[in-house]
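J.: Protein chains in written order, with the working numbering: chain A, 1 to 279; chain B, 280 to 449.
Calculated from the structure, these hints are not laboratory results.
Every value quoted in this text rests on a predicted model; they were computed, and no experiment measured them.
Here are the simulated lysine-lysine pairs, DSS-like style, with alpha carbons at most 30 Å apart:
hint : chain 1 : residue 1 : chain 2 : residue 2
1    : B       : Lys329    : B       : Lys281
2    : A       : Lys9      : B       : Lys281
3    : B       : Lys329    : A       : Lys10
4    : B       : Lys281    : A       : Lys10
In silico contact screen, one side only, chain B against chain A (beta carbon under 10 Å); selected entries:
hint : residue
5    : Met311
6    : Ala341
7    : His353
8    : Leu359
9    : Ala361
10   : Glu412
11   : Phe414
12   : Asn418
C-beta atoms are modelled at their ideal positions from N, C-alpha and C, and glycine is treated no differently.
Here is what each chain is made of, one letter per residue.
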Amino acid sequence: MESLFAFLKKFDYVFVFLLLEIGALVFISQNSNYQGSKLVSAGNAVAGRCYGTVHSVGDYFGLRRENELLAAENARLRAELESSYMHYDRRQFVHNDTVYRQRYSYTEAQVVKNSWSQQNNYIMINKGRIHGIVPDMAVISPQGIVGVVVHATANFATVMPVLHSNSRNSVKLTRTSTNGSLVWEGGDFRYATVVDIPTTYKLYKNDTIVTSGMANDFPEGVMVGFVESLSSAQGSGFYNVKVRLATEFNKLDHVYIIDNHFKAEQDSLMRLTQKGEER
Amino acid sequence: MKNLVLANILRFVVLILLQILLLNYAYMGGYMLPFLYILAVLMLPTRMGKVPMLLVAFAAGALVDIFCNIPGFHTFSCTLLAFVRILVGNRMLTRGEPVDIDVPCIHTVPFQQFAGYLFVMTLVYCVAYFLLEAFSFGNFWWMLLSMLLSTVVTWLLMLVCQLLLPKKQR
Numbered sequence: 001m002e003s004l005f006a007f008l009k010k011f012d013y014v015f016v017f018l019l020l021e022i023g024a025l026v027f028i029s030q031n032s033n034y035q036g037s038k039l040v041s042a043g044n045a046v047a048g049r050c051y052g053t054v055h056s057v058g059d060y061f062g063l064r065r066e067n068e069l070l071a072a073e074n075a076r077l078r079a080e081l082e083s084s085y086m087h088y089d090r091r092q093f094v095h096n097d098t099v100y101r102q103r104y105s106y107t108e109a110q111v112v113k114n115s116w117s118q119q120n121n122y123i124m125i126n127k128g129r130i131h132g133i134v135p136d137m138a139v140i141s142p143q144g145i146v147g148v149v150v151h152a153t154a155n156f157a158t159v160m161p162v163l164h165s166n167s168r169n170s171v172k173l174t175r176t177s178t179n180g181s182l183v184w185e186g187g188d189f190r191y192a193t194v195v196d197i198p199t200t201y202k203l204y205k206n207d208t209i210v211t212s213g214m215a216n217d218f219p220e221g222v223m224v225g226f227v228e229s230l231s232s233a234q235g236s237g238f239y240n241v242k243v244r245l246a247t248e249f250n251k252l253d254h255v256y257i258i259d260n261h262f263k264a265e266q267d268s269l270m271r272l273t274q275k276g277e278e279r
Numbered sequence: 280m281k282n283l284v285l286a287n288i289l290r291f292v293v294l295i296l297l298q299i300l301l302l303n304y305a306y307m308g309g310y311m312l313p314f315l316y317i318l319a320v321l322m323l324p325t326r327m328g329k330v331p332m333l334l335v336a337f338a339a340g341a342l343v344d345i346f347c348n349i350p351g352f353h354t355f356s357c358t359l360l361a362f363v364r365i366l367v368g369n370r371m372l373t374r375g376e377p378v379d380i381d382v383p384c385i386h387t388v389p390f391q392q393f394a395g396y397l398f399v400m401t402l403v404y405c406v407a408y409f410l411l412e413a414f415s416f417g418n419f420w421w422m423l424l425s426m427l428l429s430t431v432v433t434w435l436l437m438l439v440c441q442l443l444l445p446k447k448q449r
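Throw the hints in and build the complete structure from the sequences for me.
T.: Structure below.
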């Protein structure tokens, strides 16, 4: 008996080792699914605040570039104002509340944590439930598409960017209006892939790709990127398009969260339709 | 003795901060990740208790995991690293002689021996880390390439850090 205790005492570190490793593995198995990650939410409160502080210092270094980006965006938005258009014909453009109802509204937020070198990246922003952010809202930057909100706590929210293996967004080519799906296969954060475009369409390098507006999340026409190169598997009939992303994911700072006011209605209609098919 | 404890705590904090705030943003073509913070475990005194060493490694890995939002990969790999260090690493440092090395570094251990020690330990870490990642994402060649390149990058970075150390620690 004594020798057993002596043995246990001599190799106590092995048991501690095994215990710690089992702990780590339980942690991994509980959090391996990004969508259900408890760590993301648990880390939000502590890590979010720390990163917020660090980021507020880092902000000063990017001010110049940020200003230029925002100024460029302001210019673009001004160009779209009604006052920037001249009426050519006699018909009057009547702005009528019964004709136009606001469909999308935008909330400005700042990125407090960002990653782009992993296989599955995520972004944390400094707006949460109390600012009206809920999962599934679309997120864009002044340059273009960013991703979709997956979790929101009171003050922070996490975003699944395009740079995630589960990310899938509906996009289209502006020139031909052909629809495809934007996915990311890992690797370089500057490029993503568009699949499901039939090879019967002719594509060219630098063709513009924007969001299609078919999914409920993104409005139509949000900038995605440009065609970089094309390939197609033999006999598949579909292109594998390499896309140069417009958004510089390593330099994200200000983003906008898009609230689709008709999402609830669209979703319930879709559910109704699917139920009808089952019957 | 007190200075030694303080120095180890300071090194731990500085390396973890460096890892969280700077190195996790180092982008190297998507293949390589420099894990410099494991130096905090590799430079612990050889006479340190086995259980405390495991706990320190666990804490280091857990901190990096929480701040990088990675589900336990660092925690697992870092604890494994400490275990391998207990089994083999200490013997590589002392060459089996009954001596204690307070600060295992380039000034207290012959260069070739120390570089070899760092390389083997880093390899253990990277293999564990990228195997875990591959179980979740599964791309074999990508994993193998990441494993090798990360090992080399981390190793070189650690050696550079060693060369920057002040000599008075001899």
